[in-house]
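Sequence order for the protein chains is S and X. Under our numbering, the first residue of the first sequence carries the number 1, and numbering increases by one thereafter. Under our numbering, the first residue of the second sequence carries the number 1, and numbering increases by one thereafter.
If you are wondering where the hints come from, they were derived from the structure by calculation, not from laboratory data. Among these hints, one or two may not hold up.
[Unchecked claim] Chain S stretches covered by chain X per the calculated footprint, using a threshold of three residues with CB under 8 Å from any CB of chain X:
#, region
1, 29-43
2, 88-101
[As the list claims (entries may be wrong)] Just the calculated beta-carbon pair ranges, DEER-fashion:
#, chain 1, residue 1, chain 2, residue 2, range
3, S, Gln-140, X, Ile-22, 22 to 30 Å
4, X, Val-40, S, Leu-165, 17 to 25 Å
5, X, Thr-6, S, Leu-222, 47 to 55 Å
6, X, Val-40, S, Phe-29, 52 to 60 Å
7, X, Leu-5, S, Leu-16, 18 to 26 Å
8, S, Thr-58, X, Glu-32, 28 to 36 Å
9, S, Gly-3, X, Met-1, 43 to 51 Å
10, S, Val-200, X, Gln-31, 22 to 30 Å
11, X, Arg-30, S, Leu-165, 43 to 51 Å
Here a beta-carbon is modelled for each residue, glycine too, at the ideal position from N, C-alpha and C.
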Amino acid sequence: MKGKESFKTAGLVVALLLFMWALYMIFIFVPTEATMGISQRIFYFHVPLAWLGLLGYTLVFFGSIMYLWKRRSGWDNFSSSAAELGFIFTTLFLISGSLWAKPAWGVWWTWTPRLTTALILWFIYIAYLTVRFYASEKQQGARFGAVVGIVGFVDVPIIAISTSLWRSEHPGALVFQGGLTPEMTFGLMVSIAAFTVLFVYFLAIRTSLKQQEMEVERLRELVEQDQ
Amino acid sequence: MEYFLTATAIIWAVVFGYVLFIIGRQRKLRQEIESLKQLVAEKQKNTR
Numbered sequence: 001m002k003g004k005e006s007f008k009t010a011g012l013v014v015a016l017l018l019f020m021w022a023l024y025m026i027f028i029f030v031p032t033e034a035t036m037g038i039s040q041r042i043f044y045f046h047v048p049l050a051w052l053g054l055l056g057y058t059l060v061f062f063g064s065i066m067y068l069w070k071r072r073s074g075w076d077n078f079s080s081s082a083a084e085l086g087f088i089f090t091t092l093f094l095i096s097g098s099l100w101a102k103p104a105w106g107v108w109w110t111w112t113p114r115l116t117t118a119l120i121l122w123f124i125y126i127a128y129l130t131v132r133f134y135a136s137e138k139q140q141g142a143r144f145g146a147v148v149g150i151v152g153f154v155d156v157p158i159i160a161i162s163t164s165l166w167r168s169e170h171p172g173a174l175v176f177q178g179g180l181t182p183e184m185t186f187g188l189m190v191s192i193a194a195f196t197v198l199f200v201y202f203l204a205i206r207t208s209l210k211q212q213e214m215e216v217e218r219l220r221e222l223v224e225q226d227q
Numbered sequence: 001m002e003y004f005l006t007a008t009a010i011i012w013a014v015v016f017g018y019v020l021f022i023i024g025r026q027r028k029l030r031q032e033i034e035s036l037k038q039l040v041a042e043k044q045k046n047t048r
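Using the sequences plus the hints, can you model the full thing?
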């Protein structure tokens, strides 16, 4: 138990330190892009948030398979926590994208394949969380959620390759295409690392909270027995 | 500039909001577990 607590504290400290470093990189270190100016720096938030949206759903997919296979509530706690976080980060990813699209393209939203498939992912997250919420029994919700978690995963690789499949104004993988200076790439990597550590930290905490919620339910049943 | 600052503010507000939600939930659950454990212990005492 103590080991778990110190692991969580260490995770928080690492996340905070990485975030301070990432903020220094984003606000001071990285050069200002010539065409878009300061607003291009949204990129250093937008890309890590997009990555976490996809990572979140990949973990939901993995946890859902494991739950249907093993039927252990721990896997359900894991995938539902990943879905909650993935939903939050996908929402932020869409908001940051919109705030970047306005100065870059002159519109808040445009139906490019990347944006459309990302919005579909956001709706899939909502479907996953809604199915669980409205299920008559907890186990039924977990089962239905797991099915949505597996079926919905089909959107994740489509988002990842959408800019290669269909040409649009949305930029592709700039890092691999050599569209960034070394300073920009380094700033992006630090930001991705900071957001990923924060995500893992949140996931660990949220999963353990769900386990505590189950403990509360178990104790309540014990108290209510024979009353 | 304002778009960048707006994006930064929204992201940080949501992250801090989530941290506060987690802290609050953790505190509530710990208290609930403690009080329920006491109730279970009392119940077991009375049944002996």
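List in ascending order the numbers of the hints, as given earlier, that are violated by the structure. Hint 4 is the one this structure does not satisfy, whereas the remaining hints hold.
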